[in-house]
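Residue numbers (my numbering), protein chains in the order written: chain H, 22 to 134; chain R, 7 to 122.
If you're looking for bench data, these hints aren't it; they were derived computationally from the structure. Watch out, some of these pointers could steer you wrong.
Stretches of chain H that chain R covers, calculated by requiring three or more beta carbons in the stretch to come under 8 Å of a beta carbon on chain R [unchecked claim]:
(1) 29-35
(2) 64-71
Calculated Cβ distances over 10 Å to all of chain R for the following chain H residues [said to hold, decoys possible]:
(3) ASN48
(4) THR89
(5) ALA104
None of the values given here were measured: they were computed from a predicted structure. All residues carry an ideal CB built from backbone N, CA and C; glycine is no exception.
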Amino acid sequence: SQKIEQNSEALNIQEGKTATLTCNYTNYSPAYLQWYRQDPGRGPVFLLLIRENEKEKRKERLKVTFDTTLKQSLFHITASQPADSATYLCALGGLSGTYKYIFGTGTRLKVLA
Amino acid sequence: GAVVSQHPSRVICKSGTSVKIECRSLDFQATTMFWYRQFPKQSLMLMATSNEGSKATYEQGVEKDKFLINHASLTLSTLTVTSAHPEDSSFYICSAQWRTGVNEQFFGPGTRLTVL
């Protein structure tokens, strides 16, 4: 069956450390993958997009990797801050030639001061 | 970045009534809009994809007669929940793309629907 899995448990890390979030998928072949941030009661906010032919993408303190062999994406936040506390969602796109997106369940990150 | 608004932000209605939710792209023209539903502590579930001027494409298991989608212009899509029941209570979120294809979605702030 098709699945997208993100760390179901909340991730607590100390301020200043690097947070690493995982997105694994099964029986999907996405052409690209996106990461979003969602705060409680709000809509998601786009962070980064990475295509299947890219191994790594960076934006300021954010870094995303995409391994189509392992069917996994890693999302890193370096020098984390309490303001980074939120739920982070991965989304698979370009499935079967469509433009729709399938979202993971999200990982709740809490950065402790 | 591009701004998408939703109205209303919260709505409480009685069972059996219909509720309309508006999604507007404020500073860009959206060729494609998506409607999602999100239950507490769960992910966004895609309900339908809507392209301006054409009928929406519904995901499997989503009743098109219950969730009516109209995308009449490049800046407005509406979702009408017809004959709402308590099990329809959820957080409804729309998103918009300025160009169909590989690019980010801009999400609205969501609408919290509570059906009594």
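* Asked: Where does the structure disagree with the numbered hints, that is, which hint numbers, in rising order?
  -> Of the numbered hints, just 1 does not hold.
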